[in-house]
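Single-letter residue listing:
Number of protein chains: 2
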Amino acid sequence: MQPAASPDIDGIVERLSRGAREAARALARASTAAKDRALRDAAAGLRDGRSALLSANRDDVERARAAGESAAFVDRLTLTPDRIEAMARGLEDIAALPDPVGETIAAWRRPNGLEIAQVRVPIGVVLTIYESRPNVTADSAALCVKTANAVLLKGGSESQATSGAIATVIRSAVAGAGLPIDAVQPVEGGREVVRGLLRRDDRIDVVIARGGETLKRTIMEESRIPVVKHFEGICHLYVDAAADLDMAERLCLNAKVQRPSVCNAIENLVVHEAVAGALLPRLTAALRASGCEVRGDAATRAIVPDVHPASDADWDTEYLDLILSIRVIPSLDEALAFIAAHGTGLAEAVVTEDYGVAERFLHEVDAAAVFVNASTRFTDGYEFGFGAEVGISTNRLHARGPMGLRELTTYKYLVRGDGQVRG
Amino acid sequence: MQPAASPDIDGIVERLSRGAREAARALARASTAAKDRALRDAAAGLRDGRSALLSANRDDVERARAAGESAAFVDRLTLTPDRIEAMARGLEDIAALPDPVGETIAAWRRPNGLEIAQVRVPIGVVLTIYESRPNVTADSAALCVKTANAVLLKGGSESQATSGAIATVIRSAVAGAGLPIDAVQPVEGGREVVRGLLRRDDRIDVVIARGGETLKRTIMEESRIPVVKHFEGICHLYVDAAADLDMAERLCLNAKVQRPSVCNAIENLVVHEAVAGALLPRLTAALRASGCEVRGDAATRAIVPDVHPASDADWDTEYLDLILSIRVIPSLDEALAFIAAHGTGLAEAVVTEDYGVAERFLHEVDAAAVFVNASTRFTDGYEFGFGAEVGISTNRLHARGPMGLRELTTYKYLVRGDGQVRG
Numbered sequence: 001m002q003p004a005a006s007p008d009i010d011g012i013v014e015r016l017s018r019g020a021r022e023a024a025r026a027l028a029r030a031s032t033a034a035k036d037r038a039l040r041d042a043a044a045g046l047r048d049g050r051s052a053l054l055s056a057n058r059d060d061v062e063r064a065r066a067a068g069e070s071a072a073f074v075d076r077l078t079l080t081p082d083r084i085e086a087m088a089r090g091l092e093d094i095a096a097l098p099d100p101v102g103e104t105i106a107a108w109r110r111p112n113g114l115e116i117a118q119v120r121v122p123i124g125v126v127l128t129i130y131e132s133r134p135n136v137t138a139d140s141a142a143l144c145v146k147t148a149n150a151v152l153l154k155g156g157s158e159s160q161a162t163s164g165a166i167a168t169v170i171r172s173a174v175a176g177a178g179l180p181i182d183a184v185q186p187v188e189g190g191r192e193v194v195r196g197l198l199r200r201d202d203r204i205d206v207v208i209a210r211g212g213e214t215l216k217r218t219i220m221e222e223s224r225i226p227v228v229k230h231f232e233g234i235c236h237l238y239v240d241a242a243a244d245l246d247m248a249e250r251l252c253l254n255a256k257v258q259r260p261s262v263c264n265a266i267e268n269l270v271v272h273e274a275v276a277g278a279l280l281p282r283l284t285a286a287l288r289a290s291g292c293e294v295r296g297d298a299a300t301r302a303i304v305p306d307v308h309p310a311s312d313a314d315w316d317t318e319y320l321d322l323i324l325s326i327r328v329i330p331s332l333d334e335a336l337a338f339i340a341a342h343g344t345g346l347a348e349a350v351v352t353e354d355y356g357v358a359e360r361f362l363h364e365v366d367a368a369a370v371f372v373n374a375s376t377r378f379t380d381g382y383e384f385g386f387g388a389e390v391g392i393s394t395n396r397l398h399a400r401g402p403m404g405l406r407e408l409t410t411y412k413y414l415v416r417g418d419g420q421v422r423g
Numbered sequence: 001m002q003p004a005a006s007p008d009i010d011g012i013v014e015r016l017s018r019g020a021r022e023a024a025r026a027l028a029r030a031s032t033a034a035k036d037r038a039l040r041d042a043a044a045g046l047r048d049g050r051s052a053l054l055s056a057n058r059d060d061v062e063r064a065r066a067a068g069e070s071a072a073f074v075d076r077l078t079l080t081p082d083r084i085e086a087m088a089r090g091l092e093d094i095a096a097l098p099d100p101v102g103e104t105i106a107a108w109r110r111p112n113g114l115e116i117a118q119v120r121v122p123i124g125v126v127l128t129i130y131e132s133r134p135n136v137t138a139d140s141a142a143l144c145v146k147t148a149n150a151v152l153l154k155g156g157s158e159s160q161a162t163s164g165a166i167a168t169v170i171r172s173a174v175a176g177a178g179l180p181i182d183a184v185q186p187v188e189g190g191r192e193v194v195r196g197l198l199r200r201d202d203r204i205d206v207v208i209a210r211g212g213e214t215l216k217r218t219i220m221e222e223s224r225i226p227v228v229k230h231f232e233g234i235c236h237l238y239v240d241a242a243a244d245l246d247m248a249e250r251l252c253l254n255a256k257v258q259r260p261s262v263c264n265a266i267e268n269l270v271v272h273e274a275v276a277g278a279l280l281p282r283l284t285a286a287l288r289a290s291g292c293e294v295r296g297d298a299a300t301r302a303i304v305p306d307v308h309p310a311s312d313a314d315w316d317t318e319y320l321d322l323i324l325s326i327r328v329i330p331s332l333d334e335a336l337a338f339i340a341a342h343g344t345g346l347a348e349a350v351v352t353e354d355y356g357v358a359e360r361f362l363h364e365v366d367a368a369a370v371f372v373n374a375s376t377r378f379t380d381g382y383e384f385g386f387g388a389e390v391g392i393s394t395n396r397l398h399a400r401g402p403m404g405l406r407e408l409t410t411y412k413y414l415v416r417g418d419g420q421v422r423g
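First to last, the sequence lines map onto chains A and B.
Here my numbering is used: the first residue of the first sequence is 1, the next is one more, and so on.
Here my numbering is used: the first residue of the second sequence is 1, the next is one more, and so on.
Hints may be right or wrong, so weigh each one.
[What the hints assert, rightly or not] Label-pair distances were calculated between CB atoms; the ranges are:
hint : chain 1 : residue 1 : chain 2 : residue 2 : range
1    : A       : R224      : B       : A72       : 29 to 37 Å
2    : A       : R224      : B       : I105      : 25 to 33 Å
3    : A       : R224      : B       : A44       : 38 to 46 Å
4    : A       : S261      : B       : G102      : 34 to 42 Å
5    : B       : S157      : A       : R110      : 38 to 46 Å
6    : B       : G385      : A       : A298      : 55 to 63 Å
7    : B       : A72       : A       : Y382      : 56 to 64 Å
8    : A       : R288      : B       : N112      : 26 to 34 Å
9    : B       : E103      : A       : S31       : 28 to 36 Å
10   : B       : P81       : A       : R109      : 48 to 56 Å
11   : B       : D321      : A       : A107      : 48 to 56 Å
No lab work stands behind these hints: they were computed from the structure.
Ideal Cβ positions, reconstructed from N, Cα and C, are used throughout, including at glycine.
Let the sequences and hints guide you as you build the complete structure.
Right, dumping it as structure tokens:
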């Protein structure tokens with residue numbers, strides 16, 4: 001048991017969560033026009049406030065440099081005029097999307113005359129916890145304003161000055177559009193404030209966790225509030241005996257090399273033994289030509305002897321890097337079993353011209369997105385046509401896979417009668 | 001921090017959760033015909049095994065009597081030939097419902113030719129924790145078999161022999177239909193086993209909690225797995241200034257008196273002051289004639305002086321009994337604020353002939369089900385037309401309000417391509 005938080009921490013948690021809850025109630029009634037105006041005004045505010053944003057960002061960058069952070073870290077943290085313009089355009093893009101709130105999901109009439117409609121409504125209060133890039137502050141705030149959720153923004157301490165300046169611009173646009181200013185609140189204060197917020201399931205409806213695994217595990221451990229997150233994405237491409245090998249090579253390169261640092265890139269390639277001899281020499285050469293290290297099991301190394309041996313740990317490691325592990329298997333059943341054992345339920349793909357194999361793979365693989373003859377890299381809100389991306393969920397409940405604006409909503413039932421009583 | 005569980009407990013938890021996870025994988029591929037056959041055979045098995053069930057039940061009943069349990073408790077626990085027949089028919093009813101698994105929720109084609117389908121799939125492994133009535137064992141098992149979820153059944157210790165006998169019948173029917181026998185597993189062992197299971201978010205996907213508030217709060221506190229549950233239902237009926245008063249009286253009596261012990265019965269009546277004088281004398285008389293105790297605020301007692309004064313606590317108490325508290329308010333805004341302050345988000349109703357009031361009430365009240373001119377008692381899976389009731393959820397995510405078979409499913413995306421790679 002942790003010691004009780006100090007009255008100060010309790011006060012901050014109470015104030016933040018009460019402000020968000022009250023804002024959520026008013027926000028739920030906001031018109032689409034007011035929400036979109038807030039987003040467009042916020043975009044203008046980011047452009048107008050460019051010099052203040054750049055100056056706040058310089059403080060963060062200097063602190064990061066002084067702390068000896070890596071060049072890549074400092075780059076992610078750094079704002080430039082171009083990046084501010086991209087953020088502003090991002091807000092305008094979200095303003096231009098259809099408003100999911102109020103959408104009728106289903107409606108029907110009961111024999112007793114009751115008219116039941118299932119209608120999308122905001123979830124309520126969202127706590128979003130994330131690391132590093134400052135644009136996530138603008139993005140998260142905008143997605144929540146659009147869906148009429150009040151949001152508590154907890155960014156990484158490394159970008160605190162920048163995030164605070166961005167939040168200030170957005171809050172002022174929100175208030176200017178006649179919406180409650182506490183619809184968007186930055187969470188200042190350290191780990192104890194976050195811990196306190198994670199206990200307030202009476203006030204906060206959902207936590208969205210973005211960032212490193214440790215952060216997400218800690219949140220999962222401490223939260224009494226449902227957490228939407230994704231853990232590691234260990235994705236597979238399975239090249240079937242009936243695969244088009246040119247396509248297999250193209251899909252494998254795309255799924256591994258195009259952007260290895262993301263969750264929907266593949267980590268393991270599974271190849272049917274019937275095509276391993278024809279595929280692996282050319283494929284491993286192509287992978288290496290793209291700078292990718294190749295590891296393999298004994299069967300792989302019997303065909304392409306110069307690949308590194310894969311250890312047991314390799315099959316369960318999300319490299320997020322240019323490393324691919326290859327396994328040769330004798331049957332679809334073994335491929336399915338291998339994927340069930342090592343996949344993390346995010347995205348899995350098969351390359352095959354065999355209809356029966358395609359259908360078995362689609363239906364038997366348990367993952368948020370299952371692909372036939374397409375790259376796992378399409379597991380993405382924009383690529384799915386959602387127009388925005390809130391994140392990708394490895395949860396099974398509420399939201400699974402790519403999340404768009406709809407995944408920031410829940411529903412309620414509106415029931416219209418003319419005096420019906422239950423018998 | 002609780003001490004580490006003993007190896008024995010760990011072994012039971014490991015065996016149960018592994019069995020369920022493996023069964024879930026096989027079950028997800030089961031045909032509708034096999035699942036329905038298992039349910040119909042289980043119904044036949046309950047009828048054929050009547051004497052064994054009655055004998056097991058006698059043990060439970062004797063233990064309950066010896067422990068000095070109330071007559072109502074013993075009645076809920078007791079099986080009779082009629083109750084066994086009702087259970088069997090319940091299984092057959094579930095077998096006759098459409099199978100939600102495999103249903104296409106949405107499908108679309110992307111400009112690059114990818115065909116995306118969002119398809120219903122089982123959640124996976126369900127742990128259901130409940131108290132008292134033995135028929136819940138049959139019901140929960142059947143709903144999970146129908147939706148291809150493996151289920152761990154943790155009933156109350158008071159009905160352990162009966163529930164065990166019912167589970168044995170169902171397991172045998174499941175195996176007879178060619179499905180994995182561990183699709184249905186009773187959880188034997190005490191609180192430590194349940195505590196252990198609630199930590200296994202790697203193996204169990206959702207907990208369904210039915211039963212008393214204390215049980216549910218404990219589960220919420222200890223579970224790392226998402227819990228679907230409802231807490232208390234403090235439901236309101238608001239009689240607007242423009243209400244049809246005959247309808248108001250009829251709906252109030254139905255919502256309070258027809259079955260006061262359930263969550264969708266009302267606890268508070270809110271009356272606009274413009275109609276309080278005309279409504280309250282006749283309504284309080286009718287309530288009393290139905291055996292209902294009436295409590296009221298000062299304005300109510302100024303009109304009907306013989307009602308008990310309502311205390312502050314009354315507005316926040318779920319009586320589950322024939323007690324109603326009445327509040328008189330001067331405006332719709334105050335009615336909405338009162339309901340926001342005291343409602344628990346389950347079901348709220350307005351009686352009005354005013355279109356604008358009806359629409360504001362529908363859209364501004366934040367509850368799973370909002371009714372105009374109909375009784376809150378319709379907040380029910382059968383009454384909504386779902387054909388089965390898994391429960392009623394006061395969660396905001398995944399399932400909100402009445403839950404049918406669909407609410408025991410999640411979805412995945414099937415993506416069919418012809419070689420698409422991401423640019």
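Hints, verified against the model:
1. R224(A) / A72(B): 29 to 37 Å: 33 Å, holds
2. R224(A) / I105(B): 25 to 33 Å: This hint holds: roughly 30 Å between Cβ atoms.
3. R224(A) / A44(B): 38 to 46 Å: 44 Å, holds
4. S261(A) / G102(B): 34 to 42 Å: 35 Å, holds
5. S157(B) / R110(A): 38 to 46 Å: 39 Å, holds
6. G385(B) / A298(A): 55 to 63 Å: Given about 58 Å between the Cβ atoms, the range holds.
7. A72(B) / Y382(A): 56 to 64 Å: Once the Cβ atoms are compared, 58 Å apart, the range 56 to 64 Å for Y382(A) and A72(B) holds.
8. R288(A) / N112(B): 26 to 34 Å: At 28 Å between Cβs, range holds.
9. E103(B) / S31(A): 28 to 36 Å: Check passed, 34 Å falls within 28 to 36 Å.
10. P81(B) / R109(A): 48 to 56 Å: Taking Cβ atoms as reference, P81(B) and R109(A) lie about 39 Å apart, which means the hint is violated.
11. D321(B) / A107(A): 48 to 56 Å: 35 Å, violated
Figure legend: structure checked against the earlier numbered hints; hints not met, in rising order: 10 and 11.
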